[in-house]
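Those protein sequence lines, which keep their order, are chains A, B and C. With the first letter of the first sequence counted as 1, position 235 gets the number 235 in full-length UniProt numbering; the numbers rise by one all the way through. With the first letter of the second sequence counted as 1, position 277 gets the number 277 in full-length UniProt numbering; the numbers rise by one all the way through. With the first letter of the third sequence counted as 1, position 120 gets the number 120 in full-length UniProt numbering; the numbers rise by one all the way through.
Source of the hints: derived by calculation from the structure; they are not laboratory data. It cannot be assumed that every hint is accurate.
[Claimed, not checked] A few chain C residues facing chain A, derived, Cβ under 10 Å:
{"id": "1", "residue": "Leu21"}
{"id": "2", "residue": "Thr44"}
{"id": "3", "residue": "Phe111"}
{"id": "4", "residue": "Ser288"}
[Stated by the list, open to error] Cross-link-like lysine-lysine pairs, in silico, DSBU-like; alpha carbons within 35 Å at most:
{"id": "5", "chain 1": "A", "residue 1": "Lys419", "chain 2": "A", "residue 2": "Lys68"}
{"id": "6", "chain 1": "A", "residue 1": "Lys69", "chain 2": "C", "residue 2": "Lys82"}
{"id": "7", "chain 1": "A", "residue 1": "Lys68", "chain 2": "C", "residue 2": "Lys110"}
{"id": "8", "chain 1": "A", "residue 1": "Lys335", "chain 2": "C", "residue 2": "Lys110"}
{"id": "9", "chain 1": "C", "residue 1": "Lys142", "chain 2": "A", "residue 2": "Lys63"}
{"id": "10", "chain 1": "C", "residue 1": "Lys142", "chain 2": "A", "residue 2": "Lys69"}
{"id": "11", "chain 1": "A", "residue 1": "Lys88", "chain 2": "C", "residue 2": "Lys110"}
{"id": "12", "chain 1": "A", "residue 1": "Lys69", "chain 2": "A", "residue 2": "Lys437"}
{"id": "13", "chain 1": "A", "residue 1": "Lys69", "chain 2": "C", "residue 2": "Lys110"}
{"id": "14", "chain 1": "A", "residue 1": "Lys437", "chain 2": "C", "residue 2": "Lys142"}
Think of the CB as a built atom: it goes at the ideal place given N, C-alpha and C, for glycine as much as any other residue.
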Amino acid sequence: MKQRLILTATLAALAALAGCASADSTAAPTGPASFTPAPQNDAATVTVWTDSTRLASVQAYQKSHPDKKLNIVTYDGSADGSTYLQTKVQLFDRTGSGWPDVVFASPTDVTWASAPTGPNAQAFAAPLNQGLVPQPTLDNFAKGSLSPCEFNGQVYCLRNDIAQVVAWYNAKLFKDFGYAVPKTWQEYQALGAKVAKEHPGYLLGAVGDTNSHESYFWSSQCPAFSLTGPTTLRTDLQDPNCTRMATLLDSMIANGSVSKEAFFGQNFAQARGSKVLMAIGPSWHGQYLFNAAFKTPAGQIGAATPLAWDGDPTVATGNVGGAVWMVSSHSANLKTSTDLVSWLTTSDENQAGAPTYPAYAPAAKAWLANPKNSQYFASDVSPAFQAAASAVWPGWSNTRFSDATAWSSVVLPAVTAGKTLTATLPAWQTAIENEAKAAGYTIAAR
Amino acid sequence: MTRSLRGGQAGYFFVAGYVVLLVAFGIVPTAYAFYLAFTNDRGQFTGLNQFVKVIGDYRFAPAFAHVAVYLVLWLVLLLILTVGIAVVLRGRMRPGLSATLRFLYYVPGALAGVASVLVWLFMLDPSVSPASGLLRALGFDTFSQVIAPENLPLVFVLIAFWTGAGGWIVVMYGALNNIPDEILEAARIDGAGPWKSALFVQIPMISRWIAYMAILAFAGGTQLFVEPQMLQTASLGRLDPAWSPNQLAYVLAFRYGDFNGAAAVSLILLVLGLLCAGLLVRRSGLFKVDA
Amino acid sequence: MTTNLSSTRPARALGIGVVALLLALLVVFFALPVAWLLLAPTKTASELVSAGPFSFGGFGNLATAWRNLTSFEDGVIFVWLKNSAIYSAGSLVLTLATSVPAGYALALTKFRGRGLLLSVTLLVMIMPSATLVLPLFLELNKLGLIGTVWSVVLPFSFFPFGVYLVYIYFATSLPAEMLEAARIDGAGEWRTFTAIALPLARPVVALVAFFSFVGNWNNFFLPYLVLPSSQQFPIQVGLNQLLSTTPSFNPVAGAGLNITSPELALSIIIAVLPVLVVFLFSQRALVSGMLAGATKG
C-alpha cells in the first residue's frame, strides 16, 4: 500500500514535470441529445433483446402480429448488475451498427442509455415522448413509475413493472403456528426470536440475494444512494436509518430466523423453500418466487403492507427492479418497435397474465382481477400492493452504476464468511464511493 | 552450424503473407497500445498520466494482487507436480500403465476455456458435486462459501491445473524420454537412487523445457479473463467485476469507454510478462537465434 | 531398474505407496469430472442433486435435454457450432498458407532482415496475446471489420508459434544440401519448395494444424469482444450466453427456460466434442510440438 502510494506519487511528479495533458476522458455531453432517426422502413425486421422470462410475451406478440418480422434474442436481461447490454452498446456505438431495436433492461441502464456514450455517438434510447408514444398513454402509468425513465424532460423507456416491496407471508404456516403477521420491524424481530426458539429452521427472510439490500435497507430509508445533484452522490451508511436495519438483521441472522443464503440461490427452493414463513420482498415474489420457484400450493401466500418502525411516522418501502423496455434511437423501424413496447407494457392481453405487477395502471387493475393471480393468493393482495406502490421511498436514487455490485461482491461474501452486517457497513460505504467516483460522481459530505 | 543458404528475393516472397499478418496483428496493435497509453481520448500527449490514473484506480492494486497470488500458487503447483509426476511415470512402471495414466491426465485439456469453468462450477457446488463429501468436510456447505474471496485464486488454480497440467506432464515425459539411457545407467552405476538421479540428472537435463513451461504458464496466467468473468456471471455478481487486470482493462474500455486507461493496464501486463519471460529466456538459454 | 541398495526395504515400500496414492488421487482429480460430465445429461436437474453422482439416469432424459437444448432460440447452438467451425477452419487454412512458407524461408533461404524477423516472431510468441485484444479491437474497428467473419479469422490466422515450429522443423530435418541439389538441377525457388520441402513437411503441418485448431476453437476473449450479435458467436461465447440465461445459475433471468443443469452439461459435451476427438489422436503431436517449441536445432 505504502509502496503503491510512493510509486503513484513519483509517477505523478514525473508527469507534472513533463507538463502533459490530463488523462481524464472527455465528459459526456449533457443536455437533451439530438435524435436523428435512421431512414425508416415499416417492414424492417425488429431485433428484440429480452430476458427469458419475458420471452413468452414477445413470442405472443409475434403470434398476434404475424405480419411483423421479429428477431428475438434472449440475454441476461441486465439482471443482478450485469453490464452486458452496456458493454455491447459501447461496442455498437464504435462500429456504428448492430444495435437491437428493442431491449428489456433494468432502470440502471436508462442512466447511460439516455446519454451518448462518446463524443460522436447518439444516445441509445429513443425519447418515446417525441411523437412515438401518445401522452395519454404515458399519463396512465402509475404515479412515479416512469421516473427512472425521465431525463431532461424526456421519457426514454416504458416501465414494464413496478416492484414495490411488501411483506409476504405464508398464511397457512402462520395459522398452524398461531402467529400474528408483524406490522412493524420490531414485531418482525420479536417474531424472529420466537420462531428461532419454537420452530427452528423456518425463515422470516433471506439477505443473500443480489437485491436483498433493496428490500431491507431501502425500506429502512437508508441514504446509501442519494443523488443530491445530477453528479453528486451522498452515501452515509452510519446514518441511524442504516444501522437500525443492520442491527436488526444481524440479530435475526444470528438466531437463524433470517438466512444468509439467497432465495434465488441454486438449491434454496429444494432445500428450504417450504420453510419460508415470511419474505420481505418485491411484488413479483408472489408469482415468481413462491409459485414458480418454491412451488408453494395456491391459497397459502398472502401479502401484508410494508412494515413500519415504532416511533417513525413515515411508512416507507423499497423497490426491487421493476424493469423497463427501451426502443433504440438507431432503429430503422421505430413504428413496429414502439408498437411492440407499448403492447408489452400496456396491453391487458399481455400484462394481465404477467409474472410481475404492471406499472401501467389500467393493466395493473386487469392483473389484480386476473383469476390466475387472485386464485393463487390466500387473500386479496391489492390493498398491500397499492399501499406499497405509493410508499416507495424516493431517497434511493437511480445511479449510473448498479447498486447491486457492491452489495454482491463486497457485503455478501463478508456475511457468508461470518461477519455481521454492522461490521461490514464501512466496507460497503467505501465500495459504493469508489464505484461512484469511477462513474463520474463527486461524493457529498455525509 | 554451417549451412549454405540461398534464395535472396524468393525469401521475401515466402514470408510475405506472414509478415503482413505479423504487422497487422502483432506490431500495429502493440504500437497502437503504446499510442493509446500515452494519449487521452482527444489525442493529446499525456506522458505517464494514464499510468498514474490507472495505478491510482481503486481496483488496480487488488486486481494485480489477486493475479499475483494466483500465479505463485499456479506456478509452484505446476512445476512441482508436472515434473515430479513425469519423473515417476518415466521411472519404474509398466509402460502400459504409464501410457494409460498419461492419457487420463491429458484428456481434460480438451475442455480448456469456457467448458472447464462450467464443469468446475458443478464440481465446486456442494449440492451437485461428486466431491460434495469432501467439500462439506472442509466446511463448505454452499457454493457461495466455496467461492469466498480468499479461495478464488485456489479455485482458478484448480481449473487451470485440471485442463493444463496433463498436457505438460505428457510433454515433460517426452522430454525425459529424450535423455539417453546411457546417462541414466551411468548415474545408477555411480550409486544414485531414483530420487538422486531425478534431482541431479534428469531434472537438470530438462531444465530448458521446464523454463519454457514456466514462461508459457506465466504468460497465460497474467491473462486470466474467462474464468473470473464466467464465475462472476454464475455466482450472480459475488466476484468483483474487475477481479483480474484483464477484466479491469475490459471494464475500463467497455463500461467507461476509457480505451486509453485500458491500454495502460494492458501495457503494464505486457511489460511484466515480457520481463519475466526475458529473465527466464536469458537464464535458461532458450531460443538462441542464429541470424 | 535394478534394486536400489541405498534405501531400506520398508522405507522404499512406503515411498512407493505414497507415489501410488498420489497417482491415484490425480486420476480421480483429472478423470472423475469428465466421467461426471458425460453422465450428467442422462439425469434430470433434481436427479443431479439426489441421485449418485456417477449413476446413469436414462436415455429418455438425454433425449429431453437434447430437445430442450436444440430448441433454445430455435437451435442457435447449431449456428454457434457452425460459426466455430468456420472461424477455426478459415483461420487454419490461412495459418498454414502463411506459416509454412514463412518457416521454410526463415530456415532455408537467406534474405536481409531474416534474423530480425525471427527475433520478432519469438518475442511475439511469448507475449501475452490477450493484452493486445483491446488495441486489436480498435484497429479492426478502424478497418471496418468489427462484426464480420474477418474480425475473428484474420487475427486467429496470425500464429507465430506455428511459424516457429515450421522453422525448427526445416532447420533440423531438411538438409540444405538437398535443396542445393534441386537448385543446381535448375528448379526455381517455388518448385524447390513445393516439390521437395512441402512433401517432407507433412508432420509439422499436422502439428501446426493441431495447435491452431485447438487454440482457436477454445478462444473466448477476442470473439467475445468483436462479435456483437449472438448469431455470430462461436460456441465458446455461446456457452457463456447459455450460462447467463440458465435458471440454475441465474434464476432471475432464467425463469421460464428449459435450460437447466443437464442441458448445460450436454452443451459442454457438444462444444468440446471436436477438440476432444482431435485430442484423442494427438498426444504424440503435442509432445513433439512442445518439445520442438522449446528447443533449437
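Given the hinted pair Lys335/A and Lys110/C, is their alpha-carbon gap at most 35 Å? Violated. Lys335/A to Lys110/C sits at ~66 Å, over the 35 Å cutoff.
Is the shortest C-beta separation between Thr44/C and chain A less than 10 Å? Result: violated, 12 Å to nearest chain A Cβ.
Holds or violated: Lys437/A with Lys142/C, Cα cutoff 35 Å? Holds, because 31 Å separates the two Cα atoms, which is no more than 35 Å.
Are the Cα atoms of Lys142/C and Lys63/A separated by 35 Å or less? violated, 41 Å
Taking the least C-beta to C-beta distance, is Leu21/C closer than 10 Å to chain A? violated, 33 Å
CA of Lys69/A to CA of Lys110/C, is that 35 Å or under? Violated: Lys69/A and Lys110/C sit about 61 Å apart, past 35 Å.
Given hint Phe111/C near chain A, where the shortest CB pair must fall under 10 Å: violated, 39 Å
Compare the distance between the alpha carbons of Lys69/A and Lys82/C with 35 Å, and conclude whether the hinted pair is satisfied. Holds. Lys69/A to Lys82/C sits at ~24 Å (cutoff 35 Å).
Can you confirm whether the C-alpha distance between Lys88/A and Lys110/C stays at or below 35 Å? It is violated: about 48 Å lies between the C-alpha atoms, which goes past 35 Å.
Pairwise hint evaluation, Lys110/C against Lys68/A, where the allowed Cα distance is 35 Å at most: violated, 64 Å
Could you check if Ser288/C really has its C-beta closer than 10 Å to a C-beta on chain A? Result: violated, 40 Å to nearest chain A Cβ.
Check whether the Cα positions of Lys419/A and Lys68/A lie no farther apart than 35 Å. The given pair, whose Cα atoms are some 54 Å apart, is violated under the 35 Å limit.
Comparing the model with each numbered hint stated earlier shows that hints 1, 2, 3, 4, 5, 7, 8, 9, 11, 12, 13 do not hold.
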